[in-house]
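Line order of the protein sequences matches chains A and B. Just so we're aligned, residue 3 is where the first sequence starts under our numbering, counting upward by one. Just so we're aligned, residue 128 is where the second sequence starts under our numbering, counting upward by one.
Just so you know, the hints here were simulated from the structure itself, not pulled from any lab data. Treat the numbers as computed from the prediction; the structure is a model and nothing was measured. Any given hint could turn out to be false.
[What the hints assert, rightly or not] In silico lysine-lysine, PhoX-like type, Cα no more than 20 Å apart, as pairs:
#1 A:295 x A:253
#2 B:197 x A:295
#3 A:71 x A:22
#4 A:100 x A:90
#5 A:253 x B:197
#6 A:454 x A:253
[To be verified] Anything over 12 Å on all C-beta distances counts as not near chain B; from chain A, calculated:
#7 88
#8 107
#9 280
#10 287
#11 295
[What the hints assert, rightly or not] Going by beta-carbon spacing under 7 Å, a handful of chain B positions derived as facing chain A:
#12 144
#13 145
#14 148
#15 149
#16 160
#17 162
#18 163
#19 164
#20 167
#21 171
#22 174
#23 176
#24 178
#25 182
#26 186
#27 190
Glycine residues also receive a C-beta, built at the ideal position from the N, C-alpha and C atoms.
These are the residues of each chain, in order.
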Amino acid sequence: MTELAEFTLAEIATAIRTRKVSSVEATRALLARIEQWQPALNAFVRLEGEAALSAAAAADAALAGGNAKGALHGVPLAHKDMFYVAGKLAECGSKLRKGFIAPATSTAVARLDQAGTIRLGALHMAEFAYGPTGHNAHLGPARNPWDQTRITGGSSSGSGAAVGARLVYAALGSDTGGSIRLPAHFCGISGLKPTYGRVSRANAMPLSFSLDTVGPLARTAEDCSLILSEIAGPDPLDPTTADAPAWDLRKTTRPASELTVGISSGFYNENLDADVAATFDATLSTFRALGAKLVPITLPDQTLINAAALIVLAVEAASAHAPWLRTRANDYGPQVRARLENGLAYSGIEYLEALRWRAAALADHLAAIGNVDAIVAPVSSTAAPTIEETDVGAGPAAEVAIGRITRFMRLANYLGLPSLVVPAGSSATNLPIGMQLIGRPFGDETLIALGKAFQAATDYHRRTPALA
Amino acid sequence: MSDQVTQERVQARIAIMSEAARVPLDPESCARVARAVLPTIKRFAAADVAPGFEVEPSSFTAIARTEIGK
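Go ahead and model the full structure; you've got the sequences and the hints to work with.
In structure tokens form, the structure reads like this:
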């Protein structure tokens, strides 16, 4: 049965729909694997095994009666513990929301429900999604399936660990400063941070309203596309999605030979570990062999974009949390409290200038990339560091460590660009290394096309960790 | 302008702004926050960005939406 857990989302959805595999069989296979791996990974915060098996049996019965709900009928998933489901806990990795029962269901989860998915439980996350490593003062750290002494990345730490270890076929995460892309990179899976405004954030926990995005972590680019085809598009509950186009599957099949890939030197090549630099070069070679046109580009100053993004994130997060900072500050973990307090340091003028400058920054970016469809860039300068070496408390050392990990993340968040991470190599110590493809606004499908072409030519996405 | 952004000045303004936000920080916390945010404030001040008079925070979405359908 265990091999069922190694199916991709597309494979298991087809197998269930064509009744080659039952939803109950798939659910049992995952539950068996979760039982083996959960003590090592701390990926789930709540498991709903019996309810999932009941839902799977109902899904099988419906299918036998000719009543498939949708493209993901009977597929078991689990999501980061910040996506509300009416009447269920959503504790957001925190003490402050311990026992919080969600009053409504998040639009993204509701749409996956409509497509037929069933729920296995809720996944670990950084406290209030405000940390890039997977540490959590209340829950303990999530652990990397490739080496349990190492970080998963965050804040979608449980999503990264669970998909990486093949405990779920896909999981929703959120990305405000790298929280989908970093776990995808460190855990050896694919992850899509969509264009800002492409996917509704309604009834998902907010962190920074002008940067927050919701997207999938999955095994392949095709699996990410399957999830986006269900959750993308307008939602009256999230005004930023008002003009969001529906997912266009045709664009996900564009051949790489028709696409242009930009290579930015300088900022994105500085201080890379040798393994990451070699993976970057090999990725370019693969795209060249696939017939993509590779062109050098010179991007505007990325250190200024990082500064503006940090101001926006810090102030919006502090604003959202100000009522609790006033009344229950001691209920935050030390590092998250310290990061929230950083947001008190910026003036109103600085915050609004950082927000208003986005228009000019995006225009400059688009002018710099010309007709480039996607920029290839590293996700991080290293493969997964250890939990111990990134457990740096609440002092300035934490800011340095976080800055090193998130250095290549801010562009996509600040400018609202889509970015797809695909596994692209391994370190000398057998840790996964991902690369990100940063696209044009609303060019999410083009990234999927490039990711699918890359994964048809490589096998890094098929590598599975073994439990020691 | 960015040469006026010093640890001492930033620390002093954090004490005032955190008080104004009704999340008063003690001097030790103000010093820690100042050390953490100083590089960001310095970098942003050095750029001296001057968004157009008519530009508002959501203006960037109008530029992003010109890409829909391409």
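Hints, verified against the model:
Taking the CA atoms of residue 295 of chain A and residue 253 of chain A, the gap is near 18 Å; set against the 20 Å cutoff, the hint holds. Between residue 197 of chain B and residue 295 of chain A the alpha-carbon distance is near 18 Å, which keeps this suggested pair within the 20 Å criterion. Distance hint between residue 71 of chain A and residue 22 of chain A is fulfilled; the C-alpha atoms sit about 17 Å from each other, no more than 20 Å. With a C-alpha separation of about 12 Å, the suggested pair residue 100 of chain A and residue 90 of chain A falls inside the 20 Å cut-off, and the hint holds.
Only pairs whose Cα atoms come within 20 Å are accepted, and residue 253 of chain A paired with residue 197 of chain B is accepted, the gap being roughly 10 Å. For the proposed pair residue 454 of chain A and residue 253 of chain A, the alpha carbon gap of about 12 Å is at most 20 Å, so the pair holds. Even its closest Cβ contact with chain B, about 30 Å, leaves residue 88 of chain A beyond 12 Å, as expected for a residue assigned away from the interface. With a minimum CB-CB distance of about 26 Å to chain B, residue 107 of chain A clears the 12 Å threshold, and the non-interface call stands.
Every Cβ of chain B is farther than 12 Å from the Cβ of residue 280 of chain A; the closest lies at roughly 30 Å, confirming the non-interface assignment. Here residue 287 of chain A stays apart from chain B, with its beta-carbon at least about 28 Å from theirs, past the 12 Å limit. Distance to chain B confirms residue 295 of chain A as a non-interface residue, since its nearest Cβ pair spans about 17 Å, more than 12 Å. About 6 Å separates the beta-carbon of residue 144 of chain B from the nearest beta-carbon of chain A, less than 7 Å, and the hint is met.
This hint holds: residue 145 of chain B has a C-beta 4 Å from the nearest C-beta of chain A, less than the 7 Å allowed. The restraint placing residue 148 of chain B at the interface with chain A holds, with a minimum CB-CB distance near 5 Å, inside the 7 Å limit. Hint status for residue 149 of chain B: holds, given a least beta-carbon distance of 6 Å to chain A, under 7 Å. For residue 160 of chain B, the interface hint holds, the least distance from its beta-carbon to any beta-carbon of chain A being 5 Å, beneath 7 Å.
Taking 7 Å as the C-beta cut-off, the interface hint given for residue 162 of chain B holds, the closest approach to chain A being about 5 Å. Checking residue 163 of chain B against chain A: minimum C-beta separation of about 5 Å stays under 7 Å; hint holds. Because the beta carbon of residue 164 of chain B sits about 4 Å from the nearest beta carbon in chain A, less than 7 Å, this interface hint is met. Proximity of residue 167 of chain B to chain A holds as hinted, the smallest CB-CB distance being about 5 Å (cut-off 7 Å).
For residue 171 of chain B, the shortest C-beta to C-beta distance to chain A is roughly 5 Å, which falls under 7 Å, so the interface hint holds. Taking 7 Å as the C-beta cut-off, the interface hint given for residue 174 of chain B holds, the closest approach to chain A being about 5 Å. A cut of 7 Å between beta carbons decides the hint on residue 176 of chain B: the least distance to chain A is about 5 Å, and the hint holds. Contact between residue 178 of chain B and chain A, as hinted, is supported at the beta carbon level, the nearest pair being about 4 Å apart and thus within 7 Å.
For the restraint placing residue 182 of chain B at the interface with chain A, the shortest Cβ-Cβ distance is roughly 5 Å, inside the 7 Å limit, so the hint holds. Given hint, residue 186 of chain B at the interface with chain A, holds; its Cβ is 4 Å from that chain's nearest Cβ, closer than 7 Å. The criterion of a C-beta within 7 Å of any C-beta in chain A is met by residue 190 of chain B, whose closest approach is roughly 5 Å, and the hint holds.
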